[in-house]
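There are 4 protein chains.
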Amino acid sequence: MIRVGVVGGTGYTGVELLRLLAQHPMVELVAVTSRAEAGTPVADLFPSLRGRVGLKFSDPAAAKLETCDLVFFATPNGIAMQQAPALLDAGVRVIDLAADFRIKDVALWEKWYGQRHACPDRVAGAVYGLPEVNRDKIRGARLIANPGCYPTATQLGFLPLVEAGCVDYAHLIADAKSGVSGAGRKAETHLLFAEASDNFKAYGVPGHRHLPEIRQGLSLAAGHEVGLTFVPHLTPMIRGIHATLYARINREEDFQALFERRYAAEPFVDVLPAGSHPETRSVRAANICRIAVHRPQGGDTLVVLAVIDNLVKGAAGQAMQNMNLMFGFDECAGLSQIPVLP
Amino acid sequence: MIRVGVVGGTGYTGVELLRLLAQHPMVELVAVTSRAEAGTPVADLFPSLRGRVGLKFSDPAAAKLETCDLVFFATPNGIAMQQAPALLDAGVRVIDLAADFRIKDVALWEKWYGQRHACPDRVAGAVYGLPEVNRDKIRGARLIANPGCYPTATQLGFLPLVEAGCVDYAHLIADAKSGVSGAGRKAETHLLFAEASDNFKAYGVPGHRHLPEIRQGLSLAAGHEVGLTFVPHLTPMIRGIHATLYARINREEDFQALFERRYAAEPFVDVLPAGSHPETRSVRAANICRIAVHRPQGGDTLVVLAVIDNLVKGAAGQAMQNMNLMFGFDECAGLSQIPVLP
Amino acid sequence: MIRVGVVGGTGYTGVELLRLLAQHPMVELVAVTSRAEAGTPVADLFPSLRGRVGLKFSDPAAAKLETCDLVFFATPNGIAMQQAPALLDAGVRVIDLAADFRIKDVALWEKWYGQRHACPDRVAGAVYGLPEVNRDKIRGARLIANPGCYPTATQLGFLPLVEAGCVDYAHLIADAKSGVSGAGRKAETHLLFAEASDNFKAYGVPGHRHLPEIRQGLSLAAGHEVGLTFVPHLTPMIRGIHATLYARINREEDFQALFERRYAAEPFVDVLPAGSHPETRSVRAANICRIAVHRPQGGDTLVVLAVIDNLVKGAAGQAMQNMNLMFGFDECAGLSQIPVLP
Amino acid sequence: MIRVGVVGGTGYTGVELLRLLAQHPMVELVAVTSRAEAGTPVADLFPSLRGRVGLKFSDPAAAKLETCDLVFFATPNGIAMQQAPALLDAGVRVIDLAADFRIKDVALWEKWYGQRHACPDRVAGAVYGLPEVNRDKIRGARLIANPGCYPTATQLGFLPLVEAGCVDYAHLIADAKSGVSGAGRKAETHLLFAEASDNFKAYGVPGHRHLPEIRQGLSLAAGHEVGLTFVPHLTPMIRGIHATLYARINREEDFQALFERRYAAEPFVDVLPAGSHPETRSVRAANICRIAVHRPQGGDTLVVLAVIDNLVKGAAGQAMQNMNLMFGFDECAGLSQIPVLP
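So the protein sequences, as listed, match chains A, B, C and D. Taken in order, the first sequence gives residues 1 to 342; the numbers are from the working numbering. Taken in order, the second sequence gives residues 343 to 684; the numbers are from the working numbering. Taken in order, the third sequence gives residues 685 to 1026; the numbers are from the working numbering. Taken in order, the fourth sequence gives residues 1027 to 1368; the numbers are from the working numbering.
Derived from the structure by calculation, the hints contain no laboratory data. As the structure is a computational prediction, the values presented were derived from the model and not from experiment. One or more hints might be untrue.
To be verified - Taking lysine-lysine pairs in the DSBU-like style, the calculated list, with each CA pair at most 30 Å apart, reads:
1. A:137 / A:104
2. C:821 / C:795
3. D:1082 / B:528
4. D:1090 / D:1163
5. B:398 / D:1212
6. D:1212 / B:528
7. C:870 / A:56
8. A:186 / C:740
9. A:137 / A:64
10. D:1090 / D:1212
11. D:1130 / D:1163
12. A:186 / C:870
Let the sequences and hints guide you as you build the complete structure.
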């Protein structure tokens, strides 16, 4: 058993993390912090946790997080970088579900996130927590930068192609669609039911913060800079990301076999049979990425379809997968829930 | 480990049962039958089960169900009554998720279901599988009539009141709202997304088949005939039933305490604090009924709010709870999933 | 042509009013005010109005509303009572879509709305704008209290019964379900898509502000005080109210005929054939109330089903219907849109 | 006034056409045919039309369509080609909302639609009813092939670019998302609410019937063959198409100005200001296409966003726009409804 704390348990990645941690056989949940909700039983805010999470939200100052083995930050961007260094120095391992440690180029991070980085010296040592790329490094990590939801789906979909070097790196296109929970549990008008329901729109086309994260990951995999057009969309569903990825072929391959080979040993990536169209609900509430590869009309443009649950493989589930690796647990411990369908 | 078969695994109660059975520690799933889909891998029809259910649908004739310890019928009404007797005679225990054995008065059943009963002699011996009422009988049962979804929510909400005899039995009102999955996985026009979405309607107001089932259960609990007006509605969500129940008080009580007492020992019924409004999502994908009791404006009309997931506590979860009781397993085995929120 | 101003055009009743007014043949829209959005083109906030509403939001102070023939208040409760008196004194007619003038008993209003009334002397002279009850008074009114959405559906459903005196007034039950737009365009967490979608809940069971408004209207119609249990629910759709109404019969009638007679001359109330189940989408975006009457199982409880679009017959459409009456236009002018289905 | 008949009024394009025709000042609706529903009042099937469409569905054989000035076919593919020739020969004008006359290359049509064409000799004379391209030809047409929904959005989005010759024709990408009504009012399992809600998926990636239609239109506009990857998706909303279009720039232009110029005179195409993200609800229930042009990060890939209501500008509204042109009515007659938002 390890002692685990969660900073910022009032958002959607937070409550999802609590759902998963409360069912993990090796985790003792010792603190969930929230300045705004300190003193409120967690299960009052999230009745789904009644009888399963007995803790109250605690004030961060009083939470004694330094006595934990591991602390998750399920906070907005900019919080973990303030608090993680002291925890790390106290010997606590840290997984940040936000973006503070994802971008290696600190200046680039500061440009996209519009703030000075509070601990630039810790960025280099942070491990980007995409197990399908960095499994071994994650095992030894003290600080994990847990990937974003779009970056998880997009990278898993493009990785076999850019690693193999068989497509035009300079002109990748990712047309991604996200359920509304991806925007977080924020009281903003455009996220209201009466605004987002029965409606579909793109957003952030001029530039979205996940663009540099995806480009960084794919560039590392490719061995040089990739060019990417990334267009996110808001779709009227709660959970799920569907990434539709386009790449121009520049070398013939058996693409289906390439994907199957790449992910043969991965417990949480499922390459579907040729001709498939993965649905987001086929991964709802589960830590799985399902992928299909198409070559429409035999042309020179490949189409890859990748789906995840943005709150699980795109956030809390992947974070717990990283925890499992860091502490030597079975990588699948606590993550074997079957997707909820319908 | 017990050997379990499922007849009719292509509907929503079927796939939900498979999701739960595949995660149960004591169950070996040996056959899932479907005449229409015989030969198709179950996971081809329901990709959510990829890697978790390796079986193909088998033809009922070839499925050797008589070698099972337990067979679930997740079939339309009228199937189990044809096939259950032979299985029972072969020593197999049976849980019918449909309505064939729910109504003790066979003539009444035949009137509401519009067909002759195929084995009226088996009805008396069937146990109505509402553990909160019949736990001991369920333990020894060979044949379980698993309750309907509306009847589960409505009975659990009214039971403390009618057992205590503190409301007017003759004029109970149940205004119930169901998600669309309650209608089953049937290709019918009125269940299409473009018909049922962004829309709300009552249906079956002149008479719904769950009316006699609810009246039977409440009459047994009350010790005499109850009068009930039951109005079901279709609401644009996938899962969930919300029953809003009205009863005229005819004897003062501490109603909150009455409910808390009645369900104190129940693992799957959660009486909320006074003043609460349970949400259907607080039980989504979990085997829980949450209940709140109100007395608006201090008047003489009680309002009880009860929510369940129609596919879990209203169908497959309750069926598995019954299985646990029948085979001496922990009643909660395989049923400890935390609700999925959001 | 009349000159019309709208105070508070940034909410859902506001934008719906603008949609309707912009299509009315006798209306010149001269000002739409919003302190927060002053200077912003209305069509920037609501792109659906591009090319149809050329105005910018103006600051209330600069809007010269006193030069209008009519001013609508599509504001939160408590605004119109501050500003209407000066307009009325300047000869401008006023329709308040909020609650400031709905309750004749000012002390009762102050209790439910939690504030002192700013102009209690104007309340008596205000006409409650339900044309099916007050058509003649509306024609001569200077100040209209436009009914709430729940009160419109509930009163139209109960009126024939309480006017006829054939049901038990003391124990009426209104189980009402509303789409999320009924809560307004407010950035509140519980109204987020990821909270309200795929979810159903009751709210305000201990007491909702529409309760005294409905009781007042039905008591006037009945000729004495009625007793009402009113339970509102939030259902995952954008528009629509479905009121399911229960009343105990105390005198036999041909109830279908009673309803048909009562509404025979009403242009915007449609009594459906016996046995019908009205759907909210059958009135989507249109100024119609559809009603069906049931007597389940021939018992002594009547069930009335009434549907409206909460933003049209429940707010902006009814307000424009009142305007038509006040200014001697055809009552249906600008209100003949056919419902949008699917 | 013209006499209008509708063949096949039981689907979504049919009921939408009836909604629009019933509000058109110059149309007398004389017959709505349906073999299956002959004798049923149209308003029984679609209560939204109660009081507005008094006709019963009539049997096609008895409908005397040859006495009409114009007949719309709102039928499945393959019907209009059987019946249109006789009507045309009788002097009736015809607008087919299905695909029978859209593809000029009959062999290509037969390949994609899997049937022999019944009147290949009529195809050449049919006019493709996209007014933004063919306005003058439409004015004189006897037979209109009304465009598909995806083709309308996709062509309107790409047209300025391919006409100007400033992008790489050979590698256009259209990533399109449609509401579920686009699939029609067919009782098919995958269109059920419980399947399509809270879910997102691509379909038809290997090849969709709208691909050759879009390629034909864009190739004509470009003056030579274009290459197109077309990926349609099903999104959980009732109405709306959002086309996200990608093209590689091969000649610099002021792209915003190019689009504004191209559509300056078009009553139903609205080019949004630079930086905009059109929402499908901004055109809900209205005959409008809204378009925005982006050049993310100043790169060489253009992104065009185009939204329509698939049932209006993508079907029935465009058909009525064509009718207006054919009969010399104001092009906007009956089509001035403001979009319904929220």
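Hints versus structure:
no. : hint            : result
1   : A:137 / A:104   : holds (15 Å)
2   : C:821 / C:795   : holds (27 Å)
3   : D:1082 / B:528  : holds (29 Å)
4   : D:1090 / D:1163 : holds (28 Å)
5   : B:398 / D:1212  : holds (29 Å)
6   : D:1212 / B:528  : holds (12 Å)
7   : C:870 / A:56    : holds (29 Å)
8   : A:186 / C:740   : holds (29 Å)
9   : A:137 / A:64    : holds (28 Å)
10  : D:1090 / D:1212 : holds (27 Å)
11  : D:1130 / D:1163 : holds (15 Å)
12  : A:186 / C:870   : holds (12 Å)
Against the hints set out earlier in the document, no violation occurs for any number.
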